[in-house]
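**Q** Spelled out from the first residue to the last, the chains are:
There are 2 protein chains.
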Amino acid sequence: MKTVLISGLGLIGSSIARIIKDGDPTVEIIGSDPDDDSAQFLLDHHIINKRADFTEAAPKADLIILAGPVSVILSQIDQLAQLKLKDQVLVSDVGSTKQAIMAQAEALTRKGVSFLGGHPMAGSHLTGGQNGSIDLFSGAKYFLVTGSQTDQQLRDFKQFLQAANVEWTTITAETHDKLVSELSHLPHVVAATLVNNVADSLAADPIGLTAAAGGFKSTTRIAASDPKMWTAIMMSNSKAISSELAEFQAKLAKMQQAIEQQDETAILAAFAKAQRIRRSLDN
Amino acid sequence: MKTVLISGLGLIGSSIARIIKDGDPTVEIIGSDPDDDSAQFLLDHHIINKRADFTEAAPKADLIILAGPVSVILSQIDQLAQLKLKDQVLVSDVGSTKQAIMAQAEALTRKGVSFLGGHPMAGSHLTGGQNGSIDLFSGAKYFLVTGSQTDQQLRDFKQFLQAANVEWTTITAETHDKLVSELSHLPHVVAATLVNNVADSLAADPIGLTAAAGGFKSTTRIAASDPKMWTAIMMSNSKAISSELAEFQAKLAKMQQAIEQQDETAILAAFAKAQRIRRSLDN
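One line per chain: the protein sequences are A and B, in this order.
When we follow UniProt numbering, the leftmost residue of the first sequence carries the number 1, and every step to the right adds one.
When we follow UniProt numbering, the leftmost residue of the second sequence carries the number 1, and every step to the right adds one.
Keep in mind that the hints were calculated from the coordinates and are not lab data.
Even glycine gets a Cβ: it sits at the ideal position worked out from N, Cα and C.
Be careful, since some hints might not be right.
Partial chain B-side listing against chain A, Cβ under 8 Å, derived [claimed, not checked]:
1. Lys-111
2. Met-121
3. Thr-169
4. Ala-173
5. Asn-197
6. Phe-216
7. Pro-227
8. Ala-246
9. Phe-248
10. Lys-251
11. Met-255
12. Lys-273
Within a straight-line C-alpha distance of at most 25 Å, the following computed SDA-like cross-link-like pairs (lysine to any residue) qualify [claimed, not checked]:
13. Lys-239(A) <-> Ala-199(B)
14. Lys-273(A) <-> Ala-199(B)
15. Lys-254(A) <-> Asp-200(B)
16. Lys-251(B) <-> Ala-253(A)
17. Lys-111(B) <-> Ser-148(B)
18. Lys-254(A) <-> Ala-250(B)
19. Lys-239(A) <-> Ala-213(B)
20. Lys-217(A) <-> Gly-214(B)
21. Lys-2(A) <-> Ala-173(A)
22. Lys-60(B) <-> Glu-28(B)
23. Lys-2(B) <-> Asp-44(B)
24. Lys-239(A) <-> Asp-205(B)
25. Lys-273(A) <-> Leu-209(B)
26. Lys-178(B) <-> Ser-201(A)
27. Lys-178(B) <-> Ala-213(A)
28. Lys-273(A) <-> Leu-43(B)
29. Lys-217(A) <-> Gln-249(B)
30. Lys-178(B) <-> Leu-268(A)
31. Lys-273(B) <-> Gly-128(A)
32. Lys-111(B) <-> Lys-158(B)
33. Lys-178(B) <-> Ala-266(A)
34. Lys-60(A) <-> Gln-159(A)
35. Lys-178(B) <-> Thr-210(A)
36. Lys-251(A) <-> Thr-210(B)
37. Lys-60(B) <-> Asp-200(B)
38. Lys-239(A) <-> Lys-217(A)
39. Lys-217(A) <-> Lys-228(B)
40. Lys-228(A) <-> Ala-253(B)
Next up, chain A with everything else stripped away, as it sits in the complex (with noise of 0.2 Å):
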């Protein structure tokens, strides 16, 4: 019998103890969560066998699947790198940047523990475990930043999560974060900058927010999400973020320009290319 602990039992972590479970019900779950509900709600419908402190249930662990904010992977891989772990241990992780985590992993690897980056490219704004899915990853891909891990290991890794449908990917750290700050981190800041502007803007209209229609609304979904989650992400990608941000800032700027000078054929142009381009990411 296998056993895997999984440190972290909110949206990703509890999906990911539901397609292990599912995949494979002889595998022991052990999940490791400061959140009561979460940890309860899952033992409560048999997705995680037992729960445990992390530092408790890691020497015991086949696979260890660190599914915290990226601040809490960072400081968990420091951990067990102090920890007497099982000989043929993999530790993975689900990590939304990948170089600060694979930088920090290398106190593991020189101790001779096998880690494997992963990020699974799908999410939701809701959060919590009670909201995990074995579907959640399903047609997405899934990142794995191939750091130490064995063939067999990384073989087995992927036997474990073969319930989650995803579509394995192989990336380096560098491209993975320049990647995500563009298609994910970028459209956070702004999703999450829109509804502050207008929120302090209309703050004294009784209208208002009421008047928020279904665009505003699908614009600034991801808005909802997690914020302790995203401010992790945004510490430790900031270089790439913060020159994502200036890129942006600089289109707009070309927009607002166009706007202003009610430049009709610039608007359309740039209108038109957006929706075609929107419109193919639904094929």
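Following the hints, put chain B in place on chain A, whose structure we already have.
**A** Leaving out everything else, chain B in the frame of chain A:
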């Protein structure tokens, strides 16, 4: 029997046709649109009674609803001012900006023709008469900029659209344009620019946009809507939108600074505020 002329049989116009037909099947609805597909679809489904040229049908109508892009609404108001219309006719529109339209409509009121500005605060990234729905505006605000209409005409108008299930909200053209520039026009420019920004910078990346997850798709969904309609909106509300864009860039620059300086407290405060406000919109 009353006759209603709807000019523009796209998403909005065709939804209004469905709503009026559902409220009173005896109303004769004449549709006017250069697009053969939308018009034929609505004829085939008995949503409109006939299709006719705008200037030919206008003199027969008791209610004329201008449901094309803002630029078309503006020129059709001019056309109507040259025609001999029915004595008790009411002209209304569904344009996303109101100051330019209300100013143009003075040409009608000078001739004794009543005009009522309107704007249902709902839409979709889908386009075309085939995608209209009797429920499109359900539960949303329908802004009215009262002009020269009589009380009876206002009551009749609401009666025609009773099946829409909207929240009628009277507003001035100025307040309306400021409100929608924040809640609708700014988000549209932002979403389209996000798509174009990412497309440019990931054009050479083989993974690139294929890794876009639900968050990116949700944030940019409205960029898939009709570029011509949105260009007309930008042209007719350019001053307010440009000023919103300037304010928004200043807020983005502040966020960028916090991220660059890894100011965890400021980042968390901004994300937590955005989460709280965004969640309140779902209640």
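**Q** Given Asn-197(B) as an interface hint, is the shortest Cβ-Cβ distance to chain A below 8 Å?
**A** Result: holds, 5 Å to nearest chain A Cβ.
**Q** Checking one constraint from the list: CA of Lys-178(B) to CA of Leu-268(A), max 25 Å. Satisfied?
**A** Holds, at about 22 Å.
**Q** Using 8 Å as the Cβ threshold, decide whether Phe-248(B) counts as touching chain A.
**A** holds (5 Å)
**Q** Is it true that the CA of Lys-178(B) sits at most 25 Å from the CA of Thr-210(A)?
**A** Holds, because 14 Å separates the two Cα atoms, which is no more than 25 Å.
**Q** Hold the hint about Thr-169(B) up to the distance rule: shortest CB distance to chain A must be less than 8 Å.
**A** Cβ of Thr-169(B) sits 7 Å from chain A, so the hint holds.
**Q** Can the restraint linking Lys-217(A) and Lys-228(B) be considered satisfied, given a maximum Cα separation of 25 Å?
**A** holds (22 Å)
**Q** Compare the distance between the alpha carbons of Lys-60(B) and Asp-200(B) with 25 Å, and conclude whether the hinted pair is satisfied.
**A** violated (51 Å)
**Q** Lys-111(B) and Ser-148(B) were given as a pair; does the straight-line alpha-carbon distance stay at or below 25 Å?
**A** holds (11 Å)
**Q** Minimum Cβ distance from Lys-111(B) to chain A below 8 Å?
**A** violated (29 Å)
**Q** Are the Cα positions of Lys-273(A) and Leu-43(B) separated by 25 Å at most?
**A** violated (32 Å)
**Q** Does Phe-216(B) pass the interface check with chain A, least Cβ-Cβ distance below 8 Å?
**A** holds (5 Å)
**Q** Does the alpha-carbon distance linking Lys-273(A) and Ala-199(B) stay inside the 25 Å limit?
**A** Cα-Cα ~9 Å, so holds.
In this structure, the earlier hints numbered 1, 4, 21, 28, 37 and 38 are contradicted, and the remaining ones agree with it.
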